[in-house]
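Enquirer: Put the complex together from the two separate chains, hints included.
Residue strings, one per chain:
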Amino acid sequence: MKSNIAISAAVILVMTVSLANVQGLEERSQQEGAGYEEILRSLLPGNTEMKGWNITSGPQFFAPQNLWEHINGQAEMYLDYGFEGVVAAEYTAQDSPGSMMIEIYRMQSPRHAFGIYAAERSPHDRFIKTGVQGYVSENVLNFWKGLYYVKLTSFQTSPGTRETLMKLAGVIENKIEGACSEPGLFSVFPDTHRIKMSERFIPKNFLGLSFLKDGYRVEYEEEGDSYQLFLVKNASPDIAQDVFRKYHDFIRSHNESVFVSQKDDYQIVFTKRERASAVFQYGSFVGGVLNRADLSRSEELIKELIQKLKRVE
Amino acid sequence: MTGAGMDRREFIRKTALGLMTAGLGVSTARSAGAEIVKSSGIVYRTLGNTKLKIPLVSFGVMNSDSPDLIRKALDMGFRHLDTAHAYLRGNSEKVIGQILEERKCRDQVYIATKMLFARDRENKVFLREGSGRYGGATGENLNEQLAESLKRLRTDYVDILYLHSCQGPQMSTYEPIMRAFVKAREAGKTRFIGISTHASEPETIRAAVDTGIWDVILTSYNFMQEHKEAVRKAIRYATEKGLGVIAMKTQGGVRLNREKNIEVNHAAALKWVLNDRNVCTTIPGITTFDQMDLDFGVMKDLVLSDQEKRDLQISSMLKGAFYCQQCRSCVASCPKRVEIPALMRAYMYAEGYGNRIQAELTVDGLPAERGLNACRECAKCSAACSHGIDIRQRLGFLMGMAADRHDVA
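Sequence lines, in order, name chains F and P. In terms of this note's numbering, the first sequence opens at residue 1 and continues consecutively. In terms of this note's numbering, the second sequence opens at residue 314 and continues consecutively.
No lab work stands behind these hints: they were computed from the structure. Hints may be right or wrong, so weigh each one.
As the list claims (entries may be wrong) - Listed below are the simulated BS3-like cross-link pairs for lysine-lysine, each with C-alpha atoms no more than 27 Å apart in a straight line:
1) P/K385 / F/K213
2) F/K263 / F/K213
3) P/K546 / P/K622
4) F/K272 / P/K385
5) F/K233 / P/K385
6) F/K196 / P/K407
7) F/K196 / P/K464
8) F/K272 / P/K417
9) P/K546 / P/K364
10) P/K407 / F/K272
11) P/K407 / F/K213
12) P/K385 / F/K246
13) P/K385 / F/K204
14) P/K407 / F/K129
15) P/K407 / F/K204
16) P/K417 / P/K366
Stated by the list, open to error - Partial selection, computed: residues in chain F whose CB lies under 8 Å from chain P:
17) E76
18) M77
19) E120
20) S122
21) F155
22) L207
23) E274
Beta carbons: idealized from backbone N, C-alpha and C, even for Gly.
The shape of chain P in the complex, shown without the other chains (with noise of 0.2 Å):
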């Protein structure tokens, strides 16, 4: 036990990078259900009671309103497309109905739409009036957006129909507008119903299978997430409640890579989230051909290689919270004025780098009273990083390795 107040194996148990690891080519959660493998290669998961079986990888159709992407992509054996009524106003779902119409094709199909209504942000709730950008959530409302998604589909039904962009448990267990998805379904104008959430994912996805009433979640789902392991748990609640769980936003999301200019490889974080079996496909947004290849192409061998576990790696740690950006602010923060800053070097020297010479080097650098020993002498660490670094963590390993290198001794 350590002044830090955990254990070595239970702070490498809890840690980022430790969690991280565990989650890379591994396949952690319970399968929920049988793969079939056509001889195309192409590999075939079932989305949940649904009973749809569907692709691994499927096209998400975001930014795109190019008719040869989609007939490339059908050609290729894609069979699922999501897109949103709010996507480029409207041109996505039209590029894709052209296309159904072309190709005569809707029965081969499924078609997914998102609609989106007026929402309080800060308070996670749906507003009746319409506000910002979209309109009030309102069963009318509803209807609205539904008939004119249709009608650019060229199309009576759609396979899918998402309340688009749940925030918050309130949010995906809204009555009126679940009254108003159930009625939608029960007149045909859509299959199944479902929620999507890129915010406070765990406790969405649990609210929205309690209720009883969806037949799918879409989440965004990655390896850069800090709360991971708390979206499988969702995930694996939801399958078990017999819902169909497809995952979005696999490569980090927009905002994450644009904001810290990370790089992702792309194939290997389609893996790792399709190594968890409890999700039936994902819907990565393609642009261009190659991504397209790329990505469907993935399905062939779903094991990360070495390199693509460290090009995970790599991109996990560029993320910030990995890595402490020695701002100093730390430091007030703690009663002994531990010198926080280096300590979380020699953290990043050990764990990232794999480097303990460096890292015991470090901490051996520090004078006593701002080192490690200093930490010994609290009970419970008080230290905060702005960025959001569990100091208490990161100085639990620390003395965990301390305390090897004396064992060893």
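Next comes chain F alone, as it looks inside the complex (with noise of 0.2 Å):
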């Protein structure tokens, strides 16, 4: 009898405190969602900044709730990344049959736009200076800039669409006000046998690890092996030693050959098993090489990256 009443207890305050919560999120972010509709609708291309083509579907608006309407399974990995409204409409050309979708999508921060763009790009891409970087296809533009992860698609691929694309590119990149970059953190990457447009910003369940968040990773290929190096900037070096000691107990989990080695500012695990993986931490960071054929240049390179986050310290 006392533990049913203890569970009904126990129901009635999570659902009190889990209704509250519902509320509470859904009143913001119908309050946040109205004010970003106005703000996206605002960067969509006029009909006099886009002559001879009108929307003739949309504008549509979606929202952190119910953007698994508009791309379906794939919206856990946009709000992963820091989703907060997107808005998509189909423009028609009127004196061809061309059409076309324009997304644009407005993330958390400049580094989670950088992060979506950057997770649905590949190195084999044309890349152009289109916003802070874009690539263009017969029939896709992508590119992002500030808060916005943008997407144009074309379903009639022409001589003239590529230069259509481009226009209307760049007619939404200049309303985006404000200039940025890309994250200042990949600079401390070295550049030898670095791979182009392999950067990644991942904000959660870095390298497949719940404790590392907002993580920056780089590959690399060196005489056909193929390896990453990555860092994790913490709050404090309490928390990276604290991450630190998890990797570690994580790898000695998964591996049998580990050996750690403590320096004068950082320390250092090592594991092999079928690929090499090196490990370390300093100060607020913590970084490491993995799935290296073998463990031979990987304190080189850990090394090089501490250098350089000397620097910028």
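Expert: Below, the structure is given as structure tokens:
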């Protein structure tokens, strides 16, 4: 009887708290959503800016609560990257069969906008200087600038399609105010053997580990050996130590060969199973070299990273 | 019989919580085939007439492009990797291809991918011309997408090729696309073909089954679905016809969980689905090592513990269709202006919290002309809830509860 009462009380408490949270979230989100709609609408090209093109579908607005209706299961990843709102509109040419979809995603911060943009680009794309950066193919042009990730899709490819995409992108780019650049932390990653356009910023579950947040990763290739370097900046050296300890525990639970080395101003753990990895903690940073064929140059790379970190601190 | 037009037994049978409870921890469906338990503890089921033997838990490679996660999955015994042409603009397929090549393990892994086409969302039909974010639903477009996916996956065939996201029967039976999928199967670019659906699932599944061309159904299926019984029956219909069924959105889906801020007990939600033996495997989207361990570990014991049942119950209740929002919009739809929000609160006390005393106090506290007595004067309840609560059923329950009390007295 007592346990039933306790369960009932727990259920009531959970439901009360959750409902309050939900209502609070929904109210806040509705208020914020209303604000975003006007901002997002203002970024769409108007009739005078894109002569000969008219909006034939939309604009439609989606918020975190209903993003799923727009992009199905991919919504989860966009939400993880700090999605705040999107406007989607289809434009049709008056004098030709062309039509085009414009989507403008607003993210939590420029870093998050870069993050979602980079998650969907490939080093093999044809890159352009639209916004901070973009790429264009026969019928797709995607770019990011400030808080926004902009995606243009054309459905009729013709000799003039790319030009039209570029023109539309230019109109939107000019409406997004302010200047910004790629996250600065990428500058400390070594340039040698670095794969261009492989930089990633991942806010949650970085490297598949829930305790790693806001991670930066770059791909490298050296004589057929592909590997990654990464950095996570924590709020303080104490937190970094705690994160390093958790990472160490994780490595120990998954690998047979693990050894730790304490240096003057950093600590490092090496491991080798199928591939070799080295993870370090220096000040507020946790970083490392992942998935190398062997450990031979890993510590050199880490020293290079730390030297650059010292310069930017 | 009550004034609301339903007796209590019938009500309990049909009510949301009644259905939910009936589904918790109970293997209600017929067995689709024997399970094989390997010495590793991994449990396999057979995917219909494809005869593919797949562990109960597979890896949804949707929002992850981490090669380490896939390496570990293969080490653990995952054998089925599910992805899509559109996920991460192809980067999910690419990372699978990278590992297949690195491990030279193509023949040990089942790969599924999905092809997405333009659609008219309102009318739930495919469009031949590109629209929205996708290219037109044509054989040519399918071949282009598939060629690119195979290149990314570094293979010359996939095991299952899905028509991605069918929102209704007209989509799962769209002839031009069905013909193109059959051709892809005949050409050896895929061993089997299927449809995926997470809208109007029961009708979409039945229509797909009746075409006789599809091998596999990938459907959303979870303990929070309002129509989970209809989905369960459609799944059984598919397996009876020899199709293999794979479940997705087993946690309730991102939309629901994010929207309502619901924390779902992942293991319990997976178990709930896998207790339906007509489901061959599930494809939870995995983004961390912890999730991977948790999800794969479910196979050890599919029986829902009391705590897990309670967790699912709470999540279901928080979903909203169970919990009256007290918005009072229903009152205007009742000719007697009955105090429906208070009665819905009473129902919540009784069925949600198991507190019948509080429920009775709430019912008894209402003025006669605004309480259950007023309901008895109507042959049929016309009150409607804008949030989808079945008011008539709940009033029927409360009347049944009152009748029980008088019986005892």
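Enquirer: Does each hint hold? Answer for all of them.
Expert: We went through each hint and held it up to the structure:
1. P/K385 / F/K213: Given pair P/K385, F/K213 holds - Cα atoms ~21 Å apart, limit 27 Å.
2. F/K263 / F/K213: Since the Cα atoms of F/K263 and F/K213 sit roughly 25 Å apart, the hinted pair holds (cutoff 27 Å).
3. P/K546 / P/K622: holds, 22 Å
4. F/K272 / P/K385: holds, 14 Å
5. F/K233 / P/K385: Distance ~26 Å between F/K233 and P/K385 Cα, so the pair holds.
6. F/K196 / P/K407: Between F/K196 and P/K407 the Cα gap is close to 17 Å, so the pair holds against 27 Å.
7. F/K196 / P/K464: holds, 21 Å
8. F/K272 / P/K417: Answer holds: F/K272 to P/K417 is near 20 Å, not above 27 Å.
9. P/K546 / P/K364: The given pair, whose Cα atoms are some 22 Å apart, holds under the 27 Å limit.
10. P/K407 / F/K272: holds, 25 Å
11. P/K407 / F/K213: holds, 24 Å
12. P/K385 / F/K246: holds, 18 Å
13. P/K385 / F/K204: It holds: about 19 Å lies between the C-alpha atoms, which stays within 27 Å.
14. P/K407 / F/K129: holds, 26 Å
15. P/K407 / F/K204: Measuring from Cα to Cα gives roughly 21 Å; hence the hint holds.
16. P/K417 / P/K366: Distance ~20 Å between P/K417 and P/K366 Cα, so the pair holds.
17. E76: Hint on F/E76: holds, closest Cβ of chain P at ~4 Å, below 8 Å.
18. M77: Because about 4 Å separates F/M77 from the closest Cβ in chain P, which is inside the 8 Å limit, the hint holds.
19. E120: Cβ of F/E120 sits 4 Å from chain P, so the hint holds.
20. S122: holds, 7 Å
21. F155: Holds. Min distance 3 Å.
22. L207: This hint holds: F/L207 lies near chain P, its Cβ roughly 6 Å from the closest one there, short of 8 Å.
23. E274: Holds - the Cβ of F/E274 comes within 8 Å of chain P, reaching about 7 Å at its closest.
In summary, this structure violates none of the numbered hints.
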